[in-house]
Amino acid sequence: MSNGGYMDKNIVRAINAILAELHRNSGYLARREIEGILNIISSDTKRLEPFGFKVYSQNDEDGIIQEIFDRLSIKQGRFCEIGVENGLECNSLFLIHKGWRGWWIEGNPNQNKPIQEKFGTLLANGRLQLLVDFVTAENINSHFVECGLDKEELDFLSIDIDGNDIYLLEAMNIYPKVICIEYNAKFPPPLSKKPVYNPENRWQGTDYSGASLVAIDEIAQKKGYTLVATNITGVNAFFVRKDLVKNLFCSNNGAEYLYNPPRYWLTWDAFRGIGHVADFGPYTDLD
Numbered sequence: 001m002s003n004g005g006y007m008d009k010n011i012v013r014a015i016n017a018i019l020a021e022l023h024r025n026s027g028y029l030a031r032r033e034i035e036g037i038l039n040i041i042s043s044d045t046k047r048l049e050p051f052g053f054k055v056y057s058q059n060d061e062d063g064i065i066q067e068i069f070d071r072l073s074i075k076q077g078r079f080c081e082i083g084v085e086n087g088l089e090c091n092s093l094f095l096i097h098k099g100w101r102g103w104w105i106e107g108n109p110n111q112n113k114p115i116q117e118k119f120g121t122l123l124a125n126g127r128l129q130l131l132v133d134f135v136t137a138e139n140i141n142s143h144f145v146e147c148g149l150d151k152e153e154l155d156f157l158s159i160d161i162d163g164n165d166i167y168l169l170e171a172m173n174i175y176p177k178v179i180c181i182e183y184n185a186k187f188p189p190p191l192s193k194k195p196v197y198n199p200e201n202r203w204q205g206t207d208y209s210g211a212s213l214v215a216i217d218e219i220a221q222k223k224g225y226t227l228v229a230t231n232i233t234g235v236n237a238f239f240v241r242k243d244l245v246k247n248l249f250c251s252n253n254g255a256e257y258l259y260n261p262p263r264y265w266l267t268w269d270a271f272r273g274i275g276h277v278a279d280f281g282p283y284t285d286l287d
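The numbering used here puts the first residue of the sequence shown at 1, with every later residue one more than the last.
Hints may contain errors.
Unchecked claim - Straight-line alpha carbon distances no greater than 27 Å define the calculated DSS-like cross-link-like pairs of lysine-lysine that follow:
no.: 1; residue 1: Lys118; residue 2: Lys98
no.: 2; residue 1: Lys98; residue 2: Lys46
no.: 3; residue 1: Lys46; residue 2: Lys222
no.: 4; residue 1: Lys118; residue 2: Lys54
no.: 5; residue 1: Lys151; residue 2: Lys186
no.: 6; residue 1: Lys118; residue 2: Lys75
no.: 7; residue 1: Lys54; residue 2: Lys222
no.: 8; residue 1: Lys222; residue 2: Lys151
no.: 9; residue 1: Lys151; residue 2: Lys46
no.: 10; residue 1: Lys222; residue 2: Lys246
no.: 11; residue 1: Lys246; residue 2: Lys223
no.: 12; residue 1: Lys186; residue 2: Lys46
no.: 13; residue 1: Lys54; residue 2: Lys98
no.: 14; residue 1: Lys151; residue 2: Lys54
no.: 15; residue 1: Lys98; residue 2: Lys242
no.: 16; residue 1: Lys113; residue 2: Lys98
Read the hints as simulated data drawn from the structure, not as lab findings.
My request is simple: use the sequences and hints to build the entire structure.
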């Protein structure tokens, strides 16, 4: 490693070679798209995309989260993840393996039994705690109180509810150190797009699945957060509380600079033909 502990150029070149091999073995992928990825990950040694890897996360979020906390010199802490399904593909299970403790809040009651069965040991010893209820802008803070998350500083919050994510961010009255939140990469900067708020919203499997990166960044900035990265597949955005950012992340923290478009083809599910069907609204600026 060099550059103050950030990504060594030799490692970047190795990643470039891997992506080039991916291109050679995936004839339908556009060369321009691959070249765009290579340019991104080699353009700034403080960018977080090269650190991404998957352990239990949907994509490469586990690695990015690890690198953020390494730069913040936080080895263990407390987390809360909203939207985990059965828990086997989420952003905090890898943290539990590393000694973290925290809460899962899951809105689907059908996932209660699978979580209890699979993670019974963690639930019994208190490393993991579970609340099963559908989270809305109206009840998010009462849920934080119920979980005791209003009493101690939270290190990491992950929000993945496929629609109302931005409204939970806007409504919450706690200030964790790091936030991971899904954005709708269909809308590139400078578009600021939000779905119309519906507390009963359930994702229908289409690309009507949340707010644009610019819209989320606008709310996050008002709440005292700085955008530090998005992942290479264009799914999640990462924010760090402004008092902690210092010079640890990219000096250019604009959404235009850190935005990644939807590259769902980089995931295994996409190669199996699973994707987001096009859908439309309603959106706040069009209703």
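Quick rundown of the hints versus the structure:
1. Lys118 - Lys98: Roughly 18 Å between the alpha carbons, so the hint for Lys118 and Lys98 holds.
2. Lys98 - Lys46: holds (24 Å)
3. Lys46 - Lys222: Within the cut-off at roughly 24 Å; holds.
4. Lys118 - Lys54: holds (20 Å)
5. Lys151 - Lys186: Violated, at about 37 Å.
6. Lys118 - Lys75: holds (25 Å)
7. Lys54 - Lys222: violated (31 Å)
8. Lys222 - Lys151: holds (23 Å)
9. Lys151 - Lys46: violated (33 Å)
10. Lys222 - Lys246: holds (18 Å)
11. Lys246 - Lys223: holds (17 Å)
12. Lys186 - Lys46: With a Cα-Cα distance of about 25 Å, the restraint between Lys186 and Lys46 holds, given a limit of 27 Å.
13. Lys54 - Lys98: holds (15 Å)
14. Lys151 - Lys54: The given pair, whose Cα atoms are some 31 Å apart, is violated under the 27 Å limit.
15. Lys98 - Lys242: holds (25 Å)
16. Lys113 - Lys98: holds (25 Å)
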